[in-house]
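With these hints in hand, go ahead and build the complete structure from the sequences.
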Amino acid sequence: MTDPVASPSAGGAPQPPHRLVDARGAWCPGPLMELIGAIQQEDAGAEIEVLSSDQGSRQDIPLWVRKAGHDLVKVEEGSEFDRYLVRKTH
Amino acid sequence: MRSVGDSSSPSPKMALLLASGTAERLLTASTLVSGAAALGYEVTIFASYWGLDALRTSGSEVHPPVEPGHGEASQRLEQTLRDRKVPTWRTILRTAKALGNVKVFACSQSMEVLGLRRADLDPLVDEVLGITSFVDRTRGAEATYFV
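Residue numbers (the working numbering), protein chains in the order written: chain F, 1 to 90; chain A, 1001 to 1147.
Among these hints, one or two may not hold up.
Unchecked claim - Dumping the calculated SDA-like pairs for lysine to any residue here, alpha-carbon to alpha-carbon at most 20 Å: (1) A:K1085 - F:D54; (2) A:K1097 - F:D60; (3) F:K67 - A:S1011; (4) A:K1103 - F:D54; (5) A:K1013 - A:V1113; (6) A:K1085 - A:S1060; (7) F:K67 - A:K1013; (8) A:K1097 - A:T1028; (9) A:K1097 - A:F1134.
To be verified - Partial list, derived from the structure: chain A residues whose beta carbon lies under 10 Å from chain F: (10) L1017; (11) G1021; (12) A1038; (13) R1084; (14) P1087; (15) A1096; (16) L1099.
Hint data in this document are derived by calculation from the structure and do not stem from the laboratory. Using N, Cα and C, we set each Cβ at its ideal position, and we do this for glycine too.
Pasting the structure below:
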């Protein structure tokens, strides 16, 4: 499931649109498919944050982001789930 | 979805001959198709026999039975698929079709043998084809899978 969330409104440079894709509990290929669906709906420059508890995502999401030519801004691995921040580049 | 490969080269092709009708095999097939679709492959699925029977319009939102040869483990797997609300193979296939270049063809021979008409099949099916057309369409495929 995906929810648009408000951009952080702290001072400084304008923040890119930020969208949260909470795919925790979804099994392969769910999290990657949800990321692709979100990327398709957002404009270039948007950031999509994916939460996934699927171990396969650790390889599959970076692989897809690289091949699709987007930016993997950050990966945070956790004990229960991982967090991926992806910037849509085109 | 645009191809995620080198945009100057044609999309790679993947062929899948789908003849099985049990949940674990169909989930394997639809998951495989999703991965290929995500990477920009042109995927051609040829559904025959139990693979085609699994595409009947009826029963589209429930898991088909698991292969029963594993005794209690088979029952546990069926239970897990239900309890964990695992998406059905058709849901996964539908998502793959929405995101990428995936075509599903129904084997004309199986249609005859199983007594199926086009109207009996899920709209996921694009067309009824003979095997020769499948072989022709998948010429040069990087990989051909049989599930």
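Hint check results:
1. A:K1085 - F:D54: OK: K1085 (chain A) and D54 (chain F) at ~15 Å, within 20 Å.
2. A:K1097 - F:D60: It holds: about 19 Å lies between the C-alpha atoms, which stays within 20 Å.
3. F:K67 - A:S1011: 13 Å, holds
4. A:K1103 - F:D54: Outside the cut-off at roughly 27 Å; violated.
5. A:K1013 - A:V1113: 29 Å, violated
6. A:K1085 - A:S1060: Judged against 20 Å, a Cα distance of about 15 Å means the pair holds.
7. F:K67 - A:K1013: Given that 20 Å is the threshold and the Cα spacing comes to 16 Å, the pair holds.
8. A:K1097 - A:T1028: Since the Cα atoms of K1097 (chain A) and T1028 (chain A) sit roughly 16 Å apart, the hinted pair holds (cutoff 20 Å).
9. A:K1097 - A:F1134: Cα-Cα ~18 Å, so holds.
10. L1017: 21 Å, violated
11. G1021: Where the cut-off is 10 Å and the nearest Cβ of chain F is about 21 Å from G1021 (chain A), the hint is violated.
12. A1038: With Cβ-Cβ at 6 Å, under 10 Å, it holds.
13. R1084: Holds - the Cβ of R1084 (chain A) comes within 10 Å of chain F, reaching about 8 Å at its closest.
14. P1087: Because about 7 Å separates P1087 (chain A) from the closest Cβ in chain F, which is inside the 10 Å limit, the hint holds.
15. A1096: OK, holds: A1096 (chain A) within 10 Å of chain F, min 7 Å.
16. L1099: 5 Å, holds
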